[in-house]
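K.L.:
The primary structure of each chain is shown beneath.
Number of protein chains: 2
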Amino acid sequence: MKQLVFGHKNPDTDAIVAAKAYSYLLNQLGYETEAVALGEPNDETNFVLEHFSEPTPRVITSASSETEEVVLVDHNEAQQSVDDIKDVRVTHVIDHHRIANFVTALPLYYHAEPVGCTSTIIFKEFQENNVEIPAKLAGLMLSAIISDTLLFKSPTTTDVDIAIGKKLAEIAEVDYEKYGLAMLKAGTNLATKTAEELVTSDAKSFEMGGKTVRVDQVNTVDLDEVFAREDELRAAIEAQNKDNGYDLFLLMVTNILDSNTRLLTLGSGQEVVEKAFDQKLVDDKMDLPGIVSRKKQVVPPLEEAFA
Amino acid sequence: MKQLVFGHKNPDTDAIVAAKAYSYLLNQLGYETEAVALGEPNDETNFVLEHFSEPTPRVITSASSETEEVVLVDHNEAQQSVDDIKDVRVTHVIDHHRIANFVTALPLYYHAEPVGCTSTIIFKEFQENNVEIPAKLAGLMLSAIISDTLLFKSPTTTDVDIAIGKKLAEIAEVDYEKYGLAMLKAGTNLATKTAEELVTSDAKSFEMGGKTVRVDQVNTVDLDEVFAREDELRAAIEAQNKDNGYDLFLLMVTNILDSNTRLLTLGSGQEVVEKAFDQKLVDDKMDLPGIVSRKKQVVPPLEEAFA
Numbered sequence: 001m002k003q004l005v006f007g008h009k010n011p012d013t014d015a016i017v018a019a020k021a022y023s024y025l026l027n028q029l030g031y032e033t034e035a036v037a038l039g040e041p042n043d044e045t046n047f048v049l050e051h052f053s054e055p056t057p058r059v060i061t062s063a064s065s066e067t068e069e070v071v072l073v074d075h076n077e078a079q080q081s082v083d084d085i086k087d088v089r090v091t092h093v094i095d096h097h098r099i100a101n102f103v104t105a106l107p108l109y110y111h112a113e114p115v116g117c118t119s120t121i122i123f124k125e126f127q128e129n130n131v132e133i134p135a136k137l138a139g140l141m142l143s144a145i146i147s148d149t150l151l152f153k154s155p156t157t158t159d160v161d162i163a164i165g166k167k168l169a170e171i172a173e174v175d176y177e178k179y180g181l182a183m184l185k186a187g188t189n190l191a192t193k194t195a196e197e198l199v200t201s202d203a204k205s206f207e208m209g210g211k212t213v214r215v216d217q218v219n220t221v222d223l224d225e226v227f228a229r230e231d232e233l234r235a236a237i238e239a240q241n242k243d244n245g246y247d248l249f250l251l252m253v254t255n256i257l258d259s260n261t262r263l264l265t266l267g268s269g270q271e272v273v274e275k276a277f278d279q280k281l282v283d284d285k286m287d288l289p290g291i292v293s294r295k296k297q298v299v300p301p302l303e304e305a306f307a
Numbered sequence: 001m002k003q004l005v006f007g008h009k010n011p012d013t014d015a016i017v018a019a020k021a022y023s024y025l026l027n028q029l030g031y032e033t034e035a036v037a038l039g040e041p042n043d044e045t046n047f048v049l050e051h052f053s054e055p056t057p058r059v060i061t062s063a064s065s066e067t068e069e070v071v072l073v074d075h076n077e078a079q080q081s082v083d084d085i086k087d088v089r090v091t092h093v094i095d096h097h098r099i100a101n102f103v104t105a106l107p108l109y110y111h112a113e114p115v116g117c118t119s120t121i122i123f124k125e126f127q128e129n130n131v132e133i134p135a136k137l138a139g140l141m142l143s144a145i146i147s148d149t150l151l152f153k154s155p156t157t158t159d160v161d162i163a164i165g166k167k168l169a170e171i172a173e174v175d176y177e178k179y180g181l182a183m184l185k186a187g188t189n190l191a192t193k194t195a196e197e198l199v200t201s202d203a204k205s206f207e208m209g210g211k212t213v214r215v216d217q218v219n220t221v222d223l224d225e226v227f228a229r230e231d232e233l234r235a236a237i238e239a240q241n242k243d244n245g246y247d248l249f250l251l252m253v254t255n256i257l258d259s260n261t262r263l264l265t266l267g268s269g270q271e272v273v274e275k276a277f278d279q280k281l282v283d284d285k286m287d288l289p290g291i292v293s294r295k296k297q298v299v300p301p302l303e304e305a306f307a
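Chain order of the listed sequences is A and B.
1 is the number of the first residue of the first sequence in UniProt numbering; add one for each residue after it.
1 is the number of the first residue of the second sequence in UniProt numbering; add one for each residue after it.
No lab work stands behind these hints, which were simulated from the structure alone.
One should not assume that every hint holds.
Subject to a maximum C-alpha distance of 25 Å in a straight line, what follows is the list of computed BS3-like cross-link-like pairs (lysine-lysine) [as the list claims (entries may be wrong)]:
no.: 1; chain 1: A; residue 1: Lys193; chain 2: A; residue 2: Lys167
no.: 2; chain 1: B; residue 1: Lys136; chain 2: B; residue 2: Lys167
no.: 3; chain 1: A; residue 1: Lys275; chain 2: A; residue 2: Lys295
no.: 4; chain 1: A; residue 1: Lys167; chain 2: B; residue 2: Lys167
no.: 5; chain 1: B; residue 1: Lys204; chain 2: B; residue 2: Lys167
no.: 6; chain 1: B; residue 1: Lys167; chain 2: A; residue 2: Lys124
no.: 7; chain 1: A; residue 1: Lys9; chain 2: A; residue 2: Lys185
no.: 8; chain 1: B; residue 1: Lys124; chain 2: A; residue 2: Lys124
no.: 9; chain 1: A; residue 1: Lys242; chain 2: A; residue 2: Lys211
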C-alpha cells in the first residue's frame, strides 16, 4: 500500500514542494509513496509549478481511507494536518517548526532543524543518502527556500538556507535573484486585484483622538508597480472615506523584500501622521524605511501622536 | 552558559554514553556543553567506563538551577527526563523512541530514527558533520550498541546498528564479540550475588492444580557459570520450599545472548513439568531452546499440564 506524503493545510510553496521532494527521495530509497496536498496551491505555488512544468498534487481530505502510513513534511501539529491523522501511523517527519500536539505509538524517523525552510533539510537528506537531485526538483526546492526566506531576507533565514539555496540554483541552472523576484511577485499578484480590493482586503479601523482611522496594508515586491496605479488607489480610498465615514485613511504599501513601507494617506489629520513619524508628507506620501508591522510599528506611534 | 546533555532517568549504558558522545560532538562544532546523568551508572555501565578509563558523569537532579538550555539523548518524554524539564529550553534531541509528552515553544534540532540504539544515530551525526570519532569514544559507543542490541541479537537490532557497531569496533580496535560478552556478563553480575539472592530476587508464586508453584528467573550470558554453583542453588531452593511451603520450584536460568533457558526444578510434581515441556528431566534439569519468557512461554504450558 502506498504511503502518502503531505505538508500542512492551507499549503504554501514549501508544503507542496517538500512533499514532492521527500516523496521522490523515499521512492529512490525503495519506499512506495505519493506526494499529495491538504489544499489547493496558492498563486505563488501555481507560478512555481507552471514554471517547472510540474503537475499540481492531488488534494486529499482523508488519509486513512487509502493508506495506513503517512509521512509529514513542514508540520507536525495535529490541527495543521489531515483531519484523520489519528487513524494512521506517521513513519517519517521532516520539519522546521516547534514540536507540539504530536504523539506516536512507535519509534519513527524524525528530522527537524531550526532553519528557514523544510526543503533545506530535505536537501541534506538527499546528500546523506547519496541521491542526486534532478534539475527540475532542484528548481522546485529552490522556490520553496525563496518563498520561506523571502529571497534570503526574512529574519528566519539561516546561513544553511542561503548556501543550500545557491547550490540548488546551480543544479537547476536558475538565476535565483531574477527568478525569485518574479516568483514572489506572482505570489503577491496585485495586478489581478482591483483598487477597491487592494484598499479593503486587509484594512482595519482604529479609534484615535475621537477620529476613525482606517489602516490598510498591501504587500508587494515592487513599490513602483503599485504606485503606478496611484490615481486609482486615491479614488478608491476617497470612496472608502466618504462611504464609511473614515476621517483618515493610511495605505501601507510594504515591500516584503527590503522591509520598507511607502505610506499614502488621505483625509483629515495628515499633520498627526507627520508628527507620528517625524517627517513631512510629500504629495500625501512618505517612505518609512524598516517599517513592516502595522500592529507594532504604525498603530502605536499614531496613537501616541493623536493622544 | 554551558548547555547540559543527558539521557533518561535510571540510566543504562546508551543513556550515559550517548550523552558523552553527543556532548563531545557539539563541543567540536563550537557549542559549550557538559554530559551529565540523571542517576548513577549500573554495573554494566561501570564496567564500560572502567574499561575505557572514562570518568563517571556528574549526576544532576535539576537542570534549571545551572542552565537555560539542555540537550536530550535516548529519551524525549517528560516523565523520563529531569524533574524541571519544563523550566528549560530543549535545543537538540537525539533519540530512537516514540515521541510522546514532548512539547517545545520554539523550533529545535531533532534527529530520531527507529534503530536499536541512540549511539548508532550519533555515529551518523559525526559523519554528517565530518568529525572524527576518537578511539576511546568509539569504544564507548560500541558498548552502548552492544548493550541495547544484546550483541546484535535483540529483535530491535537493525542492519544499521550492526554495520555501525562493526565500524566502531574497528576504530576502537576492540574484538567486539569477546569484549561484548565480558561487558554483558558484567551487567548480569551474578558472581557478586548469593545463591539465596539468585533464587529470590525475581521469583513469583502461582497456584496451579492446588499446588503452590514458585518460578524464578535469572538472566546470564553463561549458563555454565551459573550451574557451576548448582549445589549452592539446590540448597537455597530447598530452603525456600521448606521455609515457605512451596510445592514445586522452577529456576529458569536464561541465556540472554542465544535466547535459551536451562531449567532446574525441585519439589513434588516434576512429572507435570516433564508433561508441560514434553521432555524428561535429567538430574532435575532440562534445556528449553528458544524459551525466554516466563509469562508467555513457561507459565501457560505449566498451567495447562496441571489442569
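K.L.:
Tell me if the straight-line CA distance from Lys167 of chain B to Lys124 of chain A falls inside 25 Å.
P.N.:
Distance of about 23 Å is within 25 Å: holds.
K.L.:
Can the restraint linking Lys193 of chain A and Lys167 of chain A be considered satisfied, given a maximum Cα separation of 25 Å?
P.N.:
Given that 25 Å is the threshold and the Cα spacing comes to 35 Å, the pair is violated.
K.L.:
Is Lys167 of chain A close enough to Lys167 of chain B, meaning Cα to Cα at most 25 Å?
P.N.:
At roughly 31 Å apart (the allowed maximum being 25 Å), Lys167 of chain B and Lys167 of chain A break the hint.
K.L.:
Quick one, are Lys9 of chain A and Lys185 of chain A close enough, alpha carbons at most 25 Å?
P.N.:
At roughly 23 Å apart (the allowed maximum being 25 Å), Lys185 of chain A and Lys9 of chain A satisfy the hint.
K.L.:
Is the straight-line distance between the alpha-carbon of Lys124 of chain B and that of Lys124 of chain A 25 Å or less?
P.N.:
holds, 13 Å
K.L.:
For Lys275 of chain A and Lys295 of chain A, compute the direct alpha-carbon distance and say whether it is at most 25 Å.
P.N.:
Roughly 18 Å separates the two Cα atoms, so the pair holds.
K.L.:
Does the alpha-carbon distance linking Lys242 of chain A and Lys211 of chain A stay inside the 25 Å limit?
P.N.:
Holds, because 14 Å separates the two Cα atoms, which is no more than 25 Å.
K.L.:
Tell me if the straight-line CA distance from Lys204 of chain B to Lys167 of chain B falls inside 25 Å.
P.N.:
violated, 42 Å
K.L.:
Hint check: Lys136 of chain B vs Lys167 of chain B, CA-CA at most 25 Å. Holds or violated?
P.N.:
holds, 13 Å
The structure fails to meet hints 1, 4, 5 from the earlier list, while all remaining hints are met.
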